[in-house]
Structures are given as structure tokens and as C-alpha cells.
Amino acid sequence: MLSLTGWVSRGLVLLAMVLATASVTTSGEWGEEGESHVQPGQGDGGTVGQNHPPPFLRGWGGERDCQVPALRPKMWLKPSPAAALRSLKQRSPPISCPGAFLPGVTYAELGSHVALTCPGGNPNSTTRWQRHGGSGLPSDSGVQQGQLLLSHVDLSSEGTYSCQDGAGLPLGSVVLRVGRLPGPPSVSCRASNYENFSCFWTPSVETHLPTRYITSYLSPVKSVGPCVQDPGRPLTCTVSKSQFWSLYRVNVTEVNPLGSSFTLLNIIAQRIAKPDPPEHVRVEPVPQAPRRLRVSWEYPSSWRKELSFQLHFRLRYRPVLHDSWSVIETSNMSEEITDAIMGLEHTVQVSAKDYLDAGSWSEWSPEVRAWPAAAGQGDSVEKVATLVSLGVFAFFALVALLLFAFLVWIRAKKQSKEADKHQELLAAATHLKALPKGQIL
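So the sequence shown is residues -23 to -1, 1 to 418, counted in mature numbering (1 follows the signal peptide of the UniProt record, and there is no 0).
What the hints contain is simulated information worked out from the structure, not anything from laboratory work. None of these values were measured; they are calculated from a predicted model. C-beta: ideal position from N, C-alpha, C; glycine also. Wrong hints could be hidden among the right ones.
To be verified - Pair ranges (Cβ atoms, derived): (1) 300 / 202: 41 to 51 angstroms; (2) 99 / 185: 41 to 51 angstroms; (3) 80 / 259: 42 to 52 angstroms; (4) 157 / 259: 50 to 60 angstroms; (5) 322 / 82: 56 to 66 angstroms; (6) 281 / 133: 49 to 59 angstroms; (7) 322 / 386: 53 to 63 angstroms; (8) 281 / 319: 53 to 63 angstroms; (9) 257 / 82: 47 to 57 angstroms; (10) 157 / 300: 18 to 28 angstroms; (11) 107 / 173: 47 to 57 angstroms; (12) 362 / 259: 18 to 28 angstroms; (13) 370 / 257: 36 to 46 angstroms.
Throw the hints in and build the complete structure from the sequences for me.
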């Protein structure tokens, strides 16, 4: 349980974050309502665009080899995303990424018409073309002014094409790669703790071409930073030292030689909080208790345990041979199962969630199995305990029954006395009525 100090600390942090977020949103820096695409089940909404990236990005995952057209952040954030995109299209040339893709390669879109130029060739001289690999030139190809013309190229059109002059001397070669424009990547984000969050994405289009990603974020203090990509975790980036209750705008731009496409996602770290599963889950039998198992676990290593940001847990368990789970919620770091089935192996898992119910539950921890203590002396002890409990219950039930019977008897006796008295009064009245008036006087 959170102590009073923890509640006060967390409340002050929450108030500060809310005020910081409010100062950003009320100033209009996060944009107004416009044409947007909300990705299912993710954040507050997203915007997708094609062929032009957002203006505040630089580099391939932090590298500086790719220059993206730039506008001031305020020019991007004040209008609606759609208006900013239109402005960007009017102002910005295509992306320039020297050395980003293979030199000496011509890239073409599937279904397009391509003209390959012979390196070192003369448009006014005779030029002959051939394709390496013995597959020959496509049937609908042609040569015009030294260029090889290919119609409606597809993946089978890829290859190395070489050219020769009229005397058969080689002039050079061109490599052709065919693919598609990138589509807006599908992006989701998750905060595994209250200090950092990570975003994950998947391409929406199979482009068949070399692809790179530009990832960045805009923070509540209006600063732009890279969402750092880890080569060991492809299609993932991380924002460090984030503010738990603040609004962030995350950008993921997919770029290939034909163009680019991006997705913008507005998120609040608190809403995407999802801890990693608890670690070091242990299940042990309880000596002399064949219907009990003791379960303990530890915080996930990614969630730094602090007074203001604690977790609560849920424990689920079942016999291995059964399908239905029993679930217990607790704020403790251990729990005792009291209704295990004797003689059956049980499987146990634990998950975690922010103590104040922010975000969602973690995934379940890996299954851990254990057997309750064998039936024996413990079984006799439990039977004796059960019999004692039943005896105590029967004693109190008997006392209650006797007390009830005594009260009923007292009431019945009282009612009997009142009835006798009433009968005597009635008899006396009848006797007086039968006497002559003179005798009564």
C-alpha cells in the first residue's frame, strides 16, 4: 500500500505534469483539429502522410547523413496537421540523402516506364544493350538516342544492364531495382516504466527496396529530440527521461529511393504504461499443508521501485490438468494459495500494473510449476483442524439454538399467564352479571 507520503508525492508530481501539459495545449502548439487518422487502440490519434516527411527531423536514427527539409517547429505545430502538410509540400524539395542508397543503381516504381542511360555513351551514336545473366532484354524494350526504354517494369525486370558502342566496346553498366513507394508505417508505443517509453512499427507496404527510418519526438517543452533506434532491436526506438503525464508527438518516417511516408502519433506516457512481467517468480509447497502453495516474486528490473510509483499484481493459478484459472489481486510481493488440489501439479503466473491503475496490465510471467506438500502428517493435521473448526461451529450453533428455544419458552409462559388472568376476569364479570341488582349493591 502507498503511504501518505507516497500519495502526496505522487499527487504533487501529477499536478505539476498536468499544469505543464495544459500550458502547451492551451497555447495551440499541439495543433488544432484537422484531417487525421487514428490508429486503432493507440494513443490520442495519429496523422499519416506520404512523400514528404515532417519538417523537424534530421538523420537516419540519429545519423547526420540525410538532410530533411526543415521548418521551425511552431510552423508545424500551430496549424492542423493537414494544413502543415500542405505547407510543407509547397515549401520543401524532396529528401536529399547522399550516400543513403547504393551508388550506380537506378530505382523505379513497379508498373512505370524506365529509360536507362548508358554511362559514357553518346546519344547520337549507335548503342547496343544487353542484360547480364543470359535472360535477354524484355520483349517490349527498345533503344532511343542511346537509352534503353523499358515499359511497365516489374520485379522480373530487375538486373544489370550493360551497353556497348557500335564497335562492340563496353561503355558501362546500370543496375535496375524495382519496387514501391513506402506507405505510412503502423506505429504503437509502450511505456515499460515511468521514465522511458518505446515505439514499435511495422511497414504497411512491401516495397522490395532498401529502406531506412527517421524517428523523432516533440516534447511538452517544445524541444525536438531523436527517438533513438537500437540496431539490436529493429523497428524500435526509445525516448528516455520522458514525463509520465505529458503529451508527446512521435514521428516515424519510412524512406526508400522512391520517396517517403510518415506517421505522427500523439501519446501520453501514462496511458501507454505497461510494465514488464514480474521477475523471479517462485512457487513452493507449504510444509504439512497439502492444499497450500506459497508464491513470491520481484518487481521487473525495468521498473525502478519508488514510493510514488508502485505496482500492484494479480496472480493466476490452476492445476496443470485443468483449463480454468483462479485469479487473486494483491499489492504484496507474495501470496499463499489456500485451495490447491492435493496430489496435482499446479502452474502459476503473475502480472503487474501501475498501482493507480494507469495504463494496462503487463504480460503474464512465464509459467512456474510446483506440487503441494504430500498428504501425510500434514493431512492429519488439516483434518484435525477441520474437525476442531466444525466442533467449534457446532458448539456455537447449539448454544444459539438453546438460547432461541429458551426465549420461545419464556414468551410462551408469559402468554399463558396472561391468558389465565384474562379468563379469571371474564368469569368474575359473568358471575356479577348473574346476581340480582339488590344483592350486587
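Whether the CB-CB distance between residue 107 and residue 173 falls inside 47 to 57 angstroms = Given about 55 angstroms between the Cβ atoms, the range holds.
request  = Given the range 53 to 63 angstroms, decide if the beta-carbon distance of residue 281 to residue 319 lies inside it.
outcome  = Between residue 281 and residue 319, where Cβ atoms are some 41 angstroms apart, the hint is violated.
ask   = Between residue 257 and residue 82, is the Cβ distance one that fits in 47 to 57 angstroms?
value = holds, 51 angstroms
request  = Take the C-beta atom of residue 157 and the C-beta atom of residue 300, compute their distance, and say whether it sits inside 18 to 28 angstroms.
outcome  = violated, 45 angstroms
Assessment of proposed distance window 18 to 28 angstroms (beta carbons of residue 362, residue 259) = holds, 26 angstroms
query = Cβ-Cβ distance between residue 99 and residue 185: within 41 to 51 angstroms?
reply = With a Cβ separation near 33 angstroms, residue 99 and residue 185 fall outside 41 to 51 angstroms, so the hint is violated.
Cβ distance range 53 to 63 angstroms for residue 322 and residue 386, holds or violated = For residue 322 and residue 386 the Cβ distance comes to about 57 angstroms; the hint holds.
query = So the hint says 36 to 46 angstroms: do the beta-carbon atoms of residue 370 and residue 257 match that?
reply = Cβ of residue 370 to Cβ of residue 257: about 41 angstroms, so the range 36 to 46 angstroms holds.
inquiry  = Does the beta carbon distance between residue 281 and residue 133 stay inside 49 to 59 angstroms, or does it fall outside?
reply    = holds, 55 angstroms
query = Falls inside 50 to 60 angstroms, the C-beta gap from residue 157 to residue 259?
reply = holds, 51 angstroms
Range hint 56 to 66 angstroms (beta carbons of residue 322 and residue 82) holds or violated = This hint holds: roughly 60 angstroms between Cβ atoms.
query = Is the gap between the beta carbons of residue 300 and residue 202 within 41 to 51 angstroms?
reply = holds, 48 angstroms
Going down the numbered hints, you'll see the structure goes against 2, 3, 8, 10, while the others check out.
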